[in-house]
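Asks: Residue numbers (my numbering): 731 to 1065.
FYI, nobody ran anything at the bench for these hints, they're computed from the structure. We treat Cβ as the ideally placed atom computed from N, Cα and C, and that holds for glycine. What you were told as hints is all true, and nothing was included just to trick you.
Ranges between beta-carbon positions, derived for each pair:
#1 K900 to F844: 44 to 52 angstroms
#2 K1013 to I981: 14 to 22 angstroms
#3 K900 to N1008: 33 to 41 angstroms
#4 A1033 to L945: 13 to 21 angstroms
#5 K1013 to G802: 46 to 54 angstroms
#6 K837 to A992: 40 to 48 angstroms
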Amino acid sequence: MIRLCLIATLSVLIANSAFAQQTSVDTLYTGLKKATSFTFGNDAIYIVEAGAHRVLKLGMDGKLIERYGKRGSGNYQFDNPVDIATTNGLKLFVSDKGNNRIQVFDKRWQYLSFISGNDRFQTRSEIRPAFLGVNKLGDVYFYDERSRTLGKYNEDYGEQLYMIVERPAKEYSGATFAYPDDIESTDDILDKLRSDEENIVDEQAYIRARMFDMLVGDWDRHNDQWRWAEYKNQNGKDVFIPIPRDRDQAITNFDGAILDIARTLFGMARQFQVYDENLDDMKWFNNAGIKLDRALAQRSGRAVWHDEAQFIKEHITDEIIEEAFERTGVRGTRT
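Using the sequences and the accompanying hints, generate a full structural model.
Replies: Given below as C-alpha cells:
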C-alpha cells in the first residue's frame, strides 16, 4: 500500500512539473533598453529604462502610454536612473543616480521637486541614490551607492532651515562653557557691574565676539543676544565671559525693492544690509549693539579692536571656513 501511495504521489508531481514546463509567459512589451526597475500605480506600469535615461508608462495590458524624460540634469531629465517607487499612488520617486538626486512627481507626472543629500534625507553629504523602497506608512528609504548606507526620507524636517542653540540654564556648570560658577543675563551683569566696580567683563573676549559678529554679518546684537559665564577671580570678584547666542540674522540676504526704498527713507532700515564682501555702512550695521559696546568695553581703546580684528582675520581662514561647511554637509562654498 505504501509503495502504491508513493508511486501515485510521484505521478502527480511529474504531471504538475510537465504542466509547469508547458506554461507560457505573455510578453507585454519588448525592446527595453537596460530596464532596471518597475512599479505599479494609478492602473499603470512604470518602467525605468536606464539605457535610455527615461521612464516608460504602460497600461496594464502592456500598451505604451507615455515616455518621460531624456538625458540631462534639468527637471524631467535623468542621468542613469535606477529605481522607481510610489507612495500610495500619489507620488512617484525616481532615483536619478547620475545627478545625485531623487526626482519627485505627482500621479499625473507633474514635477514636484528633487531631493539631494543636503535636504530631506537624514544624511550629511551628497548622495548617489540607487534603489528605493516605500513601506506601508509611506516612508521612503533608499540605498546610497556612494556611502553604501541605507537612508530614510525625512518629510517632517526637510527643506527647511533650522537654528539649533544650546541655551544654558542659570545654574549650568558643565564643560560646554568651561565650567562656570553661574550663567547670567545681560541685565543681571549690568546690575552687578554697577553694584561693585571690581566686578569686570572680559573686554577682550567681548570685542573678539563683536568682531566675529561683523564677519558673519550679524547686525542684531541687542542685550538678549548674549549670556554670560560668571567666574570668581582670586579676589572673589565676578568676571563675566560673553556667550553670544541667537545667530538668526547672520549671513542675511534682504531681497526686493521695498526694502531698498526703505533704506533711502528711514535711517533705521540701513542696518538691514545684504551679506556681501563689504559692509556698506558700519555705523548703522552696529546700531543695535552700540549701546552695549559703550557699556561693556569702556577700558579698551581702538588698538584692542584692531588687534581682535587682526586675530579674527588670521585665525578664521578659508580652510577653517571650508572645514566648518564640510562638517554640516554643505559643499561648494567657494565662489
